[in-house]
Each structure stands twice: as structure tokens, then as C-alpha cells.
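K.L.:
The lines below spell out each chain.
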Amino acid sequence: MTDKLTNAQIAWRAAQDIADGAYVNLGIGFPEMVARFQPPGRQAIFHTENGILGFGEAPEPGAEDWDLINAGKKAVTLKPGTAFFHHADSFAMVRGGHLDVAILGAYQVAQNGDLANWSTGPKGVPAVGGAMDLVHGAKRVAVITDHVTKDGKPKLLAACTLPLTGVGCVTRVYTSLAVVDIQDGRFVLREKLPAISLDNLQAVTGAELHLDGAVGDLVVPEL
Amino acid sequence: MTDKLTNAQIAWRAAQDIADGAYVNLGIGFPEMVARFQPPGRQAIFHTENGILGFGEAPEPGAEDWDLINAGKKAVTLKPGTAFFHHADSFAMVRGGHLDVAILGAYQVAQNGDLANWSTGPKGVPAVGGAMDLVHGAKRVAVITDHVTKDGKPKLLAACTLPLTGVGCVTRVYTSLAVVDIQDGRFVLREKLPAISLDNLQAVTGAELHLDGAVGDLVVPEL
Amino acid sequence: MDKRIPTLAQAVADIPDGATVMIGGFGGSGAPIELIHALIDRYLATGSPKNLTVINNNAGNGHVGIAAMIEQGMVRKMICSFPRSADPKVFTDRYLAGEIELELVPQGTLAERIRAGGAGIPAFYTPTSYGTDLAKGKPVAEFDGRSYVQERWLKADVALIKAELGDHHGNLTYRMAARNFSPLMATAAAKTVAQVSRAVEPGDIDPESVITPGIFIGGIVEVSDPAQEEDLNRANAYYPKVTA
Amino acid sequence: MDKRIPTLAQAVADIPDGATVMIGGFGGSGAPIELIHALIDRYLATGSPKNLTVINNNAGNGHVGIAAMIEQGMVRKMICSFPRSADPKVFTDRYLAGEIELELVPQGTLAERIRAGGAGIPAFYTPTSYGTDLAKGKPVAEFDGRSYVQERWLKADVALIKAELGDHHGNLTYRMAARNFSPLMATAAAKTVAQVSRAVEPGDIDPESVITPGIFIGGIVEVSDPAQEEDLNRANAYYPKVTA
Numbered sequence: 001m002t003d004k005l006t007n008a009q010i011a012w013r014a015a016q017d018i019a020d021g022a023y024v025n026l027g028i029g030f031p032e033m034v035a036r037f038q039p040p041g042r043q044a045i046f047h048t049e050n051g052i053l054g055f056g057e058a059p060e061p062g063a064e065d066w067d068l069i070n071a072g073k074k075a076v077t078l079k080p081g082t083a084f085f086h087h088a089d090s091f092a093m094v095r096g097g098h099l100d101v102a103i104l105g106a107y108q109v110a111q112n113g114d115l116a117n118w119s120t121g122p123k124g125v126p127a128v129g130g131a132m133d134l135v136h137g138a139k140r141v142a143v144i145t146d147h148v149t150k151d152g153k154p155k156l157l158a159a160c161t162l163p164l165t166g167v168g169c170v171t172r173v174y175t176s177l178a179v180v181d182i183q184d185g186r187f188v189l190r191e192k193l194p195a196i197s198l199d200n201l202q203a204v205t206g207a208e209l210h211l212d213g214a215v216g217d218l219v220v221p222e223l
Numbered sequence: 001m002t003d004k005l006t007n008a009q010i011a012w013r014a015a016q017d018i019a020d021g022a023y024v025n026l027g028i029g030f031p032e033m034v035a036r037f038q039p040p041g042r043q044a045i046f047h048t049e050n051g052i053l054g055f056g057e058a059p060e061p062g063a064e065d066w067d068l069i070n071a072g073k074k075a076v077t078l079k080p081g082t083a084f085f086h087h088a089d090s091f092a093m094v095r096g097g098h099l100d101v102a103i104l105g106a107y108q109v110a111q112n113g114d115l116a117n118w119s120t121g122p123k124g125v126p127a128v129g130g131a132m133d134l135v136h137g138a139k140r141v142a143v144i145t146d147h148v149t150k151d152g153k154p155k156l157l158a159a160c161t162l163p164l165t166g167v168g169c170v171t172r173v174y175t176s177l178a179v180v181d182i183q184d185g186r187f188v189l190r191e192k193l194p195a196i197s198l199d200n201l202q203a204v205t206g207a208e209l210h211l212d213g214a215v216g217d218l219v220v221p222e223l
Numbered sequence: 001m002d003k004r005i006p007t008l009a010q011a012v013a014d015i016p017d018g019a020t021v022m023i024g025g026f027g028g029s030g031a032p033i034e035l036i037h038a039l040i041d042r043y044l045a046t047g048s049p050k051n052l053t054v055i056n057n058n059a060g061n062g063h064v065g066i067a068a069m070i071e072q073g074m075v076r077k078m079i080c081s082f083p084r085s086a087d088p089k090v091f092t093d094r095y096l097a098g099e100i101e102l103e104l105v106p107q108g109t110l111a112e113r114i115r116a117g118g119a120g121i122p123a124f125y126t127p128t129s130y131g132t133d134l135a136k137g138k139p140v141a142e143f144d145g146r147s148y149v150q151e152r153w154l155k156a157d158v159a160l161i162k163a164e165l166g167d168h169h170g171n172l173t174y175r176m177a178a179r180n181f182s183p184l185m186a187t188a189a190a191k192t193v194a195q196v197s198r199a200v201e202p203g204d205i206d207p208e209s210v211i212t213p214g215i216f217i218g219g220i221v222e223v224s225d226p227a228q229e230e231d232l233n234r235a236n237a238y239y240p241k242v243t244a
Numbered sequence: 001m002d003k004r005i006p007t008l009a010q011a012v013a014d015i016p017d018g019a020t021v022m023i024g025g026f027g028g029s030g031a032p033i034e035l036i037h038a039l040i041d042r043y044l045a046t047g048s049p050k051n052l053t054v055i056n057n058n059a060g061n062g063h064v065g066i067a068a069m070i071e072q073g074m075v076r077k078m079i080c081s082f083p084r085s086a087d088p089k090v091f092t093d094r095y096l097a098g099e100i101e102l103e104l105v106p107q108g109t110l111a112e113r114i115r116a117g118g119a120g121i122p123a124f125y126t127p128t129s130y131g132t133d134l135a136k137g138k139p140v141a142e143f144d145g146r147s148y149v150q151e152r153w154l155k156a157d158v159a160l161i162k163a164e165l166g167d168h169h170g171n172l173t174y175r176m177a178a179r180n181f182s183p184l185m186a187t188a189a190a191k192t193v194a195q196v197s198r199a200v201e202p203g204d205i206d207p208e209s210v211i212t213p214g215i216f217i218g219g220i221v222e223v224s225d226p227a228q229e230e231d232l233n234r235a236n237a238y239y240p241k242v243t244a
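Residue numbers (our numbering), protein chains in the order written: chain R, 1 to 223; chain P, 1 to 223; chain X, 1 to 244; chain L, 1 to 244.
Just so you know, these hints were derived from the structure itself, not from any lab. Hints are supplied without guarantee of correctness; some may be wrong.
What the hints assert, rightly or not - Pairwise CB distance ranges (calculated):
1. L:Glu103 / R:Gly41: 42 to 48 Å
2. L:Ala235 / X:Phe143: 45 to 51 Å
3. R:Gln43 / X:Asp225: 30 to 36 Å
4. L:Ala141 / X:Tyr238: 32 to 38 Å
5. L:Ala45 / X:Glu103: 57 to 63 Å
6. L:Asp204 / P:Ala58: 45 to 51 Å
7. X:Ser147 / P:Glu222: 44 to 50 Å
8. R:Gln43 / X:Gly98: 51 to 57 Å
9. X:Tyr238 / R:Asp212: 56 to 62 Å
10. X:Ala190 / L:Ser48: 40 to 46 Å
Everything numeric in this text was worked out from a predicted model, so none of it was measured. C-beta: ideal position from N, C-alpha, C; glycine also.
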């Protein structure tokens with residue numbers, strides 16, 4: 001039995017919750033992977049902060065057009081129905097609540113929905129990009145993340161200790177071990193890997209996992 | 001000698017102060033007439049609140065396209081270099097100070113630059129349109145008006161008595177008798193009709209006319 | 001994804017009593033006459049929707065479009081900048097009789113409040129109306145030595161707009177000055193329905209020329225050869241048609 | 001009316017020391033490389049302009065464009081949302097050495113502040129950054145039970161942008177996602193100069209497709225076949241060219 005999902009598997013799981021026709025923004029890096037796993041028969045429309053709605057996958061290497069990039073500065077392609085717009089209109093879509101889902105990475109998520117994903121502290125060059133806008137814009141803000149940090153510390157916490165990206169903004173967390181909703185200031189466990197016991201899951205989680213009905217099995221394909 | 005300019009002559013005089021290449025908004029009604037009198041060799045670009053920059057004159061009767069109208073809902077025409085935009089962008093041009101000149105009508109103008117041109121009091125249906133935006137947008141806000149009301153009362157006053165359109169916004173007034181600047185809270189007389197004496201002009205003006213150098217002759221063609 | 005709605009009746013079927021409805025157009029240019037008349041048909045058949053708050057630059061002209069809505073008694077309140085024009089007799093009579101409410105907003109402020117509603121900006125400061133009756137009761141603040149009025153966003157339950165091309169994703173173009181408030185209203189309503197002169201396939205509109213991206217559009221309904229309010233009024237048209 | 005400027009050198013001739021300069025582009029897309037390099041040429045020849053405040057989403061990459069401006073020591077301060085990316089070594093080194101100032105602004109707030117500057121809106125409220133370190137010291141207010149941060153407009157002395165078509169009146173179109181901040185910056189600077197891939201006659205751009213109306217443009221300079229920052233960096237380019 002799998003004892004930990006790969007990033008691709010976490011992304012796959014998150015993709016299952018995206019409805020046909022949803023308008024979706026995927027954060028730079030790992031979250032971009034979610035686009036690959038749209039269930040058959042569903043077509044989400046992807047938004048990127050730098051002014052494109054409805055773009056397609058990456059082009060073949062060598063076929064890049066560097067005026068046609070996503071927020072991660074990676075080349076993308078056109079699809080029928082694409083629209084271009086400027087940055088103020090792009091963030092009007094975000095801040096105005098027009099996106100159905102935003103999926104972001106996280107350093108830490110707190111049980112009240114606070115998110116920390118832009119700064120690990122005062123060292124180095126700070127950079128925030130569009131994350132602080134995205135967490136206040138989409139109807140649903142989800143996080144995909146390893147359940148713990150590289151050195152095994154919980155990322156799901158009673159309260160964030162790193163600088164916040166947004167207050168009370170996250171509603172669901174897809175981790176390498178579980179699917180956790182944030183409701184009324186509490187973590188509510190929805191799914192967990194069959195391989196991990198509830199006690200062991202709680203032990204690597206920094207705040208109490210509440211139950212609200214049955215906990216489903218987190219089952220994903222080999223990826 | 002002319003003892004009072006016609007509306008066309010007032011409009012002509014105002015048009016002489018519009019530089020080549022200026023971006024200009026003309027208020028609904030009488031101010032629209034200014035466009036007819038651009039001096040030879042100069043070409044102003046006209047803006048209308050409802051989203052056109054660079055439109056041309058009225059079409060022949062019968063050739064109107066009712067999607068191509070100005071803020072007064074009169075049909076206009078396209079010219080090379082016209083641009084269309086929505087209302088928020090249109091008023092960004094206004095409020096953002098991008099227009100060189102706005103020329104408006106007036107019920108009353110005060111010596112501190114206050115303008116009253118939208119309401120004659122609580123009776124009837126109030127309507128304001130874009131006037132309150134225009135008076136705060138253009139680099140230069142000028143008024144064209146009869147020097148007095150229909151019953152002979154001054155329109156240039158120490159203080160407006162009608163509801164204000166804007167505070168301290170007008171910088172020049174072109175009347176049927178004179179050209180008056182507003183500087184440091186005072187009316188400064190720049191030009192007057194040769195036919196009227198300074199005393200008689202002062203008698204139909206509701207606040208002191210100050211002099212700052214020579215007063216020019218207000219000379220306009222027959223129109 | 002296909003946002004086409006087969007009929008005008010379906011396009012306006014779910015607007016409830018008491019709704020706030022933004023209606024595109026500046027005078028007659030951009031007025032979605034067919035959508036408005038479909039809404040009147042529904043009201044005449046069912047008694048709903050009534051008690052509407054309508055947001056439009058004007059307050060209707062003649063006896064068609066918004067004027068006809070007012071004439072039928074569907075409208076409780078107008079939010080507009082210029083309810084006075086060539087023939088707004090219907091509104092004027094109701095207003096002077098105290099039968100309809102009016103919130104008068106400077107035109108640029110009206111546009112900006114709608115944009116703010118769509119862009120998630122709950123309030124902003126503008127120089128417009130400072131020191132005037134229309135600023136009464138509103139917070140003022142000074143920035144860099146100049147005084148400004150605080151204005152709030154405007155949102156709506158529904159926006160009814162008129163566009164030129166609309167693809168199945170809801171991407172829209174407009175026709176000349178018929179654009180006016182419609183791209184803003186499309187962003188500020190919970191649901192926006194656009195009547196389009198031509199419904200086209202995704203890809204038929206140049207992505208550079210899309211004015212309203214489909215994310216803002218709930219549905220499109222094709223109305224080829226739409227009526228112009230100005231033409232109707234010049235022909236003294238009434239809606240519904242007065243029969244002898 | 002003819003807003004064409006014959007040479008890049010003339011296009012950047014009047015930017016003074018200490019100026020605030022908005023520069024279009026998101027990463028390399030839309031970066032007006034030739035205008036920036038003309039400004040560097042002027043600095044190398046005359047020692048001006050220096051002590052610039054540069055507003056751009058990023059802080060340059062590699063050793064061309066904004067990175068080259070920083071490398072030459074022309075920039076006192078950056079206002080941007082994301083100064084960290086693939087190879088922003090030049091900025092990073094200067095920043096960590098305390099030789100350049102940084103004002104970090106969330107990307108949507110940066111865009112909206114620039115739009116506000118162009119639209120005459122001195123301040124607005126946004127949910128973005130509420131409760132975070134980036135809101136420290138800023139006024140907050142509650143609207144409809146939710147908390148918001150007050151942000152101020154951003155204006156500049158000059159904007160340097162890259163467009164696709166530009167007519168002699170200054171009407172512009174852009175190319176795909178190279179549009180990004182440029183239409184906003186064009187409105188918020190006292191003077192905007194656009195390098196255009198093709199200068200055309202008034203009337204050659206469909207009035208429906210104009211993205212930046214000419215009222216916002218001070219001058220256009222034609223740069224056909226402009227460089228892409230991304231291509232330059234993949235070729236390890238330096239500006240000015242390093243000679244052996």
C-alpha cells in the first residue's frame with residue numbers, strides 16, 4: 001500500500017474536484033501539474049495572472065513564443081476561445097471572485113484557514129507575486145502540499161508561524177496523506193491513505209483533526 | 001459695434017484657445033458648437049464620455065448609426081484614428097487628468113472657481129451626467145456662457161447660490177461680453193467687448209473684476 | 001462548454017422579484033431591447049419580476065426598453081446619472097408622483113462603482129462630487145492636500161447586456177459606442193446574460209479583440225438584427241404593442 | 001498630429017535623474033528592451049539618468065534590460081511584486097549588499113495602484129494583504145463585515161512600454177501576453193513612450209481593437225523585429241556587450 005502520495009498523485013486528487021467548465025488558477029510550480037489530470041469529459045478554463053484566459057499546454061521545445069507565457073514564465077499555447085487582457089483586468093477576475101478555484105502550494109496552513117506560502121523569513125530577497133491576491137479572489141482556495149516539511153515537521157498547524165499570505169482563506173488541503181477541509185476554524189478529515197492510521201496521521205498534524213462523518217479512503221492511480 | 005456675442009461667437013472665441021493636438025471634451029448642447037470653430041491648421045481630438053476618442057462631425061440626416069453617438073446622444077462619425085473604450089476607461093481619461101481642456105456651460109460661476117451647472121433647485125427630475133467628473137479631470141476647465149441670466153441677473157458671482165457641480169474647478173470663463181480668468185480666488189478680466197465700458201461690465205458682474213495688465217479687445221468674426 | 005441559451009424567455013427566466021438588475025446601454029446605444037422586452041413579457045404573463053432596482057446611465061426613453069419596464073410598474077428604483085433626456089416622460093411622471101425612487105450618481109462615479117464591484121474593490125476615493133449635494137453623507141478624506149469623496153462598489157444580481165459577437169465560451173465584442181457600460185456590468189453581476197448579434201464558435205474571435213472574456217458571462221442568446229431604441233422611438237413604438 | 005519619434009536616443013532623452021520610471025513587461029514578455037538599452041547608452045555617455053525608481057513586476061533577469069540598468073548602477077529603488085525568479089542575480093546581489101531599495105507590492109495591488117494613478121483615484125481598498133506583513137502601517141477598514149487594506153495610487157514621471165502596432169496618434173495594440181502592465185502604465189505616467197513593432201497610419205488600427213487610446217501616449221518609436229529578453233538571456237547576452 002502507498003504510504004505517501006507523489007506530487008503528481010496529490011495533483012491528480014485535487015484535479016478530481018474541479019468541475020467541468022470551472023475557471024481555475026494554478027499557482028506557479030507544483031500546482032501547475034493539476035492541469036494534466038483533468039478527468040475525461042471535463043474541461044476547465046485556466047487563468048493566468050499575466051493576462052490570459054483559456055490557454056493550452058506547453059508547446060514543443062523550440063516552438064515557444066515568449067510573448068505567450070504563464071505566470072511562472074513558462075511558454076503556453078493558444079486554444080480556441082482564448083482571451084488576452086491587461087493586468088488590472090486580470091486581477092479584477094481574481095479579486096472580484098470570478099475564479100471558481102485557485103490551487104496553491106503552502107509552507108504552512110492553519111486550522112482557521114490562514115495560509116503561509118510566500119516567505120520563509122527575513123533572509124534573502126522577498127517576493128510575493130500574485131499569491132496574496134489569489135487567496136482572496138477565488139470562490140474556493142485549495143492547497144496542495146506534502147503533509148509535512150522536508151525534516152518531518154507538520155505543515156498543518158494550530159497557527160502559522162511564518163509570515164502570512166492570507167487570513168482565513170483556505171477551505172481545503174490536499175496533502176501527501178490526506179484530504180482535509182477547513183470548517184469553522186477546525187481541520188475536518190475527509191480522506192486519508194488506507195495505509196496510515198488515524199493516530200499516526202494525527203501525530204504528523206499540528207492541530208486536532210476532527211471527524212464529521214466517515215473518513216474516505218484516499219485512493220489515487222499510480223502516477 | 002457688437003454689444004453682445006452670439007453663442008456661436010462665444011464658441012468661436014473659446015475655440016481660439018485650443019491648441020493643435022489638444023484632447024478636448026465639449027459639454028452637451030451649446031459647448032458642442034466649439035468644435036465647428038477650430039482655427040485652420042489646428043486639429044483637436046474630441047473625447048466623449050460614452051467611449052469615443054477622435055470622432056468626427058455629425059453625419060448627413062438619414063445616415064446616422066445609433067451605435068455611434070456622443071454624450072448628447074447625437075450621431076457622430078468616425079475619423080481615421082478613432083478609438084472605442086468602455087465607460088470606466090473613458091472616465092479614467094477624465095478623472096485622471098488626461099484631457100487638455102473641458103468646455104462646459106454654466107448657470108453660475110463663482111470667483112473662487114466654483115461651478116453650478118447641473119441643477120436649478122429641487123424641482124423636477126435631477127440629472128447630473130458626467131459634469132461632476134469633467135470639472136475635476138481636465139487640465140483646464142473653461143466655461144462658455146451668457147454673461148447674465150435671461151432676466152439680466154449676473155452669472156459670475158462672489159459665491160454660487162445654486163447646487164454646485166464642483167469646487168474651485170473653473171479657470172476661464174468666456175461670456176457674451178468678456179473673457180475672465182479665475183486666479184487666486186478672484187475674477188481677472190482679460191478681454192471685453194469694445195462696446196461695453198468697464199463700469200457697465202462690472203455692473204452686470206456679481207463680484208469684483210480685477211485687472212492684471214491691459215484688458216484686450218474681445219474681437220470675433222460675424223457668425 | 002457552451003453558454004448558449006436557446007430563447008430570450010429562458011435567458012430572463014430566473015430573475016427574481018426585488019432583484020437588482022444592471023442594464024447595458026447609454027441612451028439607446030447598447031440597450032438590450034430584446035432582453036428587456038422578454039422580461040416584460042414574463043412580467044405580463046406571471047407578475048414577476050417586480051420591485052426591481054435598475055442600474056443604467058439613463059431612465060429610459062419613449063415607451064420601449066427601460067421606459068416600458070417602468071411603465072408596466074416593474075421598477076421600484078433607478079440608479080442612474082442622467083434620468084432627464086429627450087423623452088423620459090414615463091420616468092418623469094412616476095418620479096414626480098413619488099412612485100419610483102432615484103439614486104443619482106455622477107456618470108464617472110457610476111462607471112467606477114460598477115467596475116469596483118466587479119474587481120473586488122469595496123470602496124475608493126474620487127474627486128468627483130466633492131463639495132456638492134451628491135457627496136452629502138459620504139466620508140471624505142484628504143490625499144496629498146486635495147479632498148476626495150469615498151464611494152462604494154455597486155453589484156447586481158443580474159446584468160442584461162447587448163454585444164456584437166459572442167462565442168460559446170461567452171467571449172464578447174461590442175459595436176462602436178454601444179460598448180459603454182456593458183463590459184463593466186458584465187463583471188459586477190452575479191449572472192450576466194448577453195444578447196449577441198451573432199453567436200460564433202470559440203476561436204472565431206481574435207483573442208486580442210475580446211473585450212469581455214467569457215469568465216464574466218453566464219449565458220448568451222443570439223438576437224440577429226437587434227432593434228435600436230432610437231429607431232423605435234422615432235417610430236413612436238410602444239411595448240407591448242398598443243393595439244387599436 | 002504625429003507622435004513618431006525618429007530615434008530611440010530621442011525617445012529617452014528627457015528622463016531626468018531621480019525620475020520614477022514605469023517599465024512594461026512581465027518577465028521578458030512585453031519588456032521594451034531597445035528603449036531600456038537606449039537609456040543605458042545615454043547613462044554611459046552622460047552619467048544621466050541616475051537614482052531612478054523603477055516600477056516593474058520583476059527586477060530583471062540576466063544582464064540585459066532592467067538587470068543591465070541595475071548592473072550599471074542607474075537604479076536606486078525597485079517597486080515590484082516578484083524580484084525573485086530564474087536569474088535575477090544582479091538585483092539579488094545589490095539588494096543583499098544594501099545597495100538598492102525594494103518596495104514589495106502584491107501583483108494585483110501593483111496593477112490596481114497603477115490603474116488608480118491613471119484613473120485619478122488616489123486610494124482604494126482591497127482585501128489583498130490584509131493581516132499580512134505587507135499591510136503593516138496601512139489603514140484598514142471594514143466594509144460589509146470584511147476587512148480591507150487601503151492602498152494609494154502609483155504614478156510615474158515616465159513610462160517605457162512595448163507595443164505591437166502604433167498609429168501616429170499613439171493608438172496602440174499589443175502582442176498576446178506582452179500586454180500585461182503596459183496599458184496601465186501608459187495611463188499613470190506623465191509621459192509614456194512606446195516602442196512599436198510597426199508604426200502605421202491613423203485608420204490602420206480597427207477602432208474596436210485599440211487597447212491603448214492615443215491620449216495616453218506621448219511618443220512612439222518604431223523598433224521592428226524587437227529583441228525578446230528571454231532569447232537574449234538564453235544566449236547569455238550582456239548589455240552593453242562584453243568585449244574580449
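K.L.:
All the hints need checking, so say for each whether the structure fits it.
P.N.:
Tested hints:
1. Under the hint 42 to 48 Å, the C-beta atoms of Glu103 of chain L and Gly41 of chain R, about 47 Å apart, fit the expected range.
2. In this structure the hint that Ala235 of chain L and Phe143 of chain X lie 45 to 51 Å apart at CB holds, the actual value being about 46 Å.
3. With their beta carbons about 32 Å apart, Gln43 of chain R and Asp225 of chain X fall inside the hinted range of 30 to 36 Å.
4. Judged by the Cβ atoms, the range 32 to 38 Å given for Ala141 of chain L and Tyr238 of chain X is violated: they are separated by roughly 48 Å.
5. Look at Ala45 of chain L against Glu103 of chain X: about 59 Å separates their beta carbons, and that is inside 57 to 63 Å.
6. Taking 45 to 51 Å as the suggested C-beta distance range, the pair Asp204 of chain L and Ala58 of chain P does not conform, at roughly 25 Å.
7. Distance hint check: the CB atoms of Ser147 of chain X and Glu222 of chain P are about 45 Å apart, consistent with the given range 44 to 50 Å.
8. For the hinted restraint 51 to 57 Å between Gln43 of chain R and Gly98 of chain X, the CB-CB distance of approximately 52 Å keeps it satisfied.
9. Distance hint for Tyr238 of chain X and Asp212 of chain R: a CB-CB separation of about 59 Å, consistent with the stated range 56 to 62 Å.
10. The hint said 40 to 46 Å for the Cβ distance between Ala190 of chain X and Ser48 of chain L, and at roughly 53 Å that hint is violated.
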